[in-house]
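Novice: The listed protein sequences correspond, in order, to chains Y and R.
full-length UniProt numbering puts the first residue of the first sequence at 1, with every later residue one more than the last.
full-length UniProt numbering puts the first residue of the second sequence at 1, with every later residue one more than the last.
To be clear, the hints were calculated from the coordinates, so they are not data collected in a lab.
The beta-carbon is built from N, C-alpha and C at its ideal position, and this holds for glycine as well.
Please note: incorrect hints may appear among the correct ones.
Each pair of labels, with its calculated beta carbon distance range [unchecked claim]:
1) Y:I188 to R:E91: 38 to 48 Å
2) R:R173 to Y:T174: 26 to 36 Å
3) Y:R227 to R:K252: 54 to 64 Å
4) Y:S79 to R:R180: 27 to 37 Å
Below, computed lysine-lysine pairings styled on BS3-like, alpha-carbon distance capped at 30 Å [said to hold, decoys possible]:
5) Y:K226 to Y:K159
6) R:K257 to Y:K28
7) R:K239 to Y:K28
If you only want the chain R side, here are some residues facing chain Y, beta carbon under 10 Å, derived [said to hold, decoys possible]:
8) S47
9) H54
10) D81
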Amino acid sequence: MTETISQTNENDTSIFSCLHCKLSPISKATGSATFTLNDSLCTCLINGPGELRQQQDAINRLQVDITFQARPGNNNTNSTSTKDKLIEQWLETLVRSTVLMEYYPRSQINIVMYEEQNLSGEATILACLCNTLCLTMLDANLPMKYAFAAVPIVQHPTKGLLSLPKTKDELASTSYFVFVFEITLNDILATHASGDFDMKILEQAISIAQPIARQIFQFYRQELEKRLT
Amino acid sequence: MKELICSTIERNVVLKCIRDHKRLDLRTIDETRSINIEFRAHPGYVSVTLGQTHVIAQASCRITKPKESRASEGHIRIHLDMSKIPLINLENWKHQEFVQELNGILEQNIRHSNCLDLESLCINSGELVWSIKIDLIVLNNCGNILDCANIATLCSLYHFRLPEVSVHGSEIRVYSSTERRARPLRILHFPINVLFAFFIDGHYTLIDPNSDEERLMDGFFSISMNQHKEICGIHMGGKLGLKKEQVELCKKLAFKKVLELTDRIRQVVTDYYKTIEPITHAQPSIIRIDNDEDEDDDSSSSSESEDPVLIKPEIPLSPIENNVSLLLMPDLDNLSLTDDVSTMIATNVDKLTSDLENDDEHDNE
């Protein structure tokens with residue numbers, strides 16, 4: 001029995017060492033957060049709810065406007081690449097399902113996400129973005145149905161399925177999953193997957209990710225408690 | 001998104017304080033706010049906070065054709081992006097004008113003062129040169145974006161590492177950071193900008209205004225100097241007329257600030273590379289026994305342990321590296337070796353070097 005207890009303690013501490021966060025780094029925004037997941041760092045800020053522009057039409061709900069700014073200097077123009085636009089759309093679906101849109105008719109919120117550091121591949125940065133977004137919305141006190149947390153899982157050729165992978169593991173992996181869980185029933189809100197896998201591996205990955213999501217929610221709680229005490 | 005309108009009461013309170021030579025945040029009239037400089041694992045990426053004003057800068061490089069008139073000089077370009085912050089002065093065109101004004105001042109300070117040795121950016125005279133671009137993004141505007149952006153630009157330039165290039169006849173070969181250590185840019189001097197805000201017909205002056213003070217100022221006077229007391233740029237903005245004595249006083253005040261900041265910038269970047277250098281390069285430079293934590297950057301410490309790399313590992317060339325290493329005479333449109341590509345290559349090998357370190361870590365655990 002003591003063995004299992006010490007095992008869970010190890011898991012707890014190892015996850016919390018991968019996660020760091022800072023709430024409200026940007027004073028003029030309604031809500032903002034900086035979140036670190038292993039080697040990826042993201043900052044997000046929310047402004048709103050505010051006035052709608054004349055062209056936009058949102059009579060009885062909130063208009064959500066997300067901008068994702070990848071690290072500048074990648075492309076020669078300043079416009080967002082198609083990959084980044086996909087990320088924006090994916091995050092927008094998350095926001096739409098989470099925020100109680102009916103509370104703010106004829107208003108809009110502007111969300112800006114900055115990717116500051118990304119040494120590993122796609123999985124960690126996507127998960128980092130989702131978690132930053134959730135923390136920012138919590139920091140801005142937007143009315144949400146639930147909080148959500150994203151867990152990256154990679155399929156390493158020799159080590160099998162790894163959650164919250166370190167940089168070298170992620171770069172060696174062939175396929176990855178990102179699962180976004182919500183806090184009330186620990187159900188899946190959104191998924192993103194890439195690579196070669198079958199249903200069995202997918203289900204295995206989900207079962208690995210669920211307890212980790214619970215620990216990330218614990219982390220959110222700790223951070224918000226720190227702010228309120 | 002617009003900023004809140006400044007109310008009459010706020011205006012009166014701030015102006016009254018200024019008349020009494022006091023400031024709401026308890027600073028003296030010649031005191032700047034505290035500056036915090038942080039680097040990330042990507043070379044050339046810096047995040048600077050001046051009080052609450054937050055600017056991030058990223059330097060990137062490209063290989064391009066030089067200008068005909070200056071065949072052996074590289075290029076440097078600065079782009080300031082303030083599109084994500086609430087509109088200053090409440091109207092889009094006024095905001096854009098302000099952005100362009102600041103961009104112009106930054107370009108004047110950095111490019112026209114020759115702080116970066118452009119000839120050192122030359123690869124093949126008349127044909128290929130490096131073109132450096134600095135992208136500045138303002139995250140939070142709490143007054144004095146200009147100084148903050150200037151510090152961010154200088155830190156970013158000093159922090160950036162340019163890949164090594166060798167020329168073989170008509171072919172050039174760009175080395176990744178593992179084959180040959182990327183070299184720093186040649187910076188000749190640091191032109192530091194100091195902004196003075198003037199109030200009430202130019203009678204009262206403040207250094208480093210915060211957002212309330214900046215909204216109410218008549219105009220600003222920005223002076224850019226280096227530590228050798230050379231003036232690199234002067235700019236007056238707003239509705240302002242100054243006497244000669246006022247300008248002389250500003251110069252004296254600015255010089256004091258410039259000395260402190262130049263030392264600070266040099267120190268911060270050198271410290272960062274002292275903690276990073278022995279670890280990220282395959283060639284062992286220094287064998288360190290003490291465990292120095294990298295205090296600037298929490299996130300990179302997980303991938304770089306404190307154990308030194310003592311043996312140069314056998315690094316097999318990945319297919320990506322093979323394609324990029326030997327570049328034929330370019331179609332210049334396709335030849336865009338931004339910082340990201342070398343980072344991409346570096347991560348492949350970082351993974352191998354950190355293999356060794358993480359193995360050591362596991363052994364230690």
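Novice: A separate judgement is required for each hint: does it hold in the structure or not?
Specialist: We went through each hint and held it up to the structure:
no.	hint	in the structure
1	Y:I188 to R:E91: 38 to 48 Å	holds, 45 Å
2	R:R173 to Y:T174: 26 to 36 Å	holds, 31 Å
3	Y:R227 to R:K252: 54 to 64 Å	violated, 43 Å
4	Y:S79 to R:R180: 27 to 37 Å	holds, 34 Å
5	Y:K226 to Y:K159	violated, 36 Å
6	R:K257 to Y:K28	holds, 27 Å
7	R:K239 to Y:K28	holds, 27 Å
8	S47	holds, 7 Å
9	H54	holds, 6 Å
10	D81	holds, 7 Å
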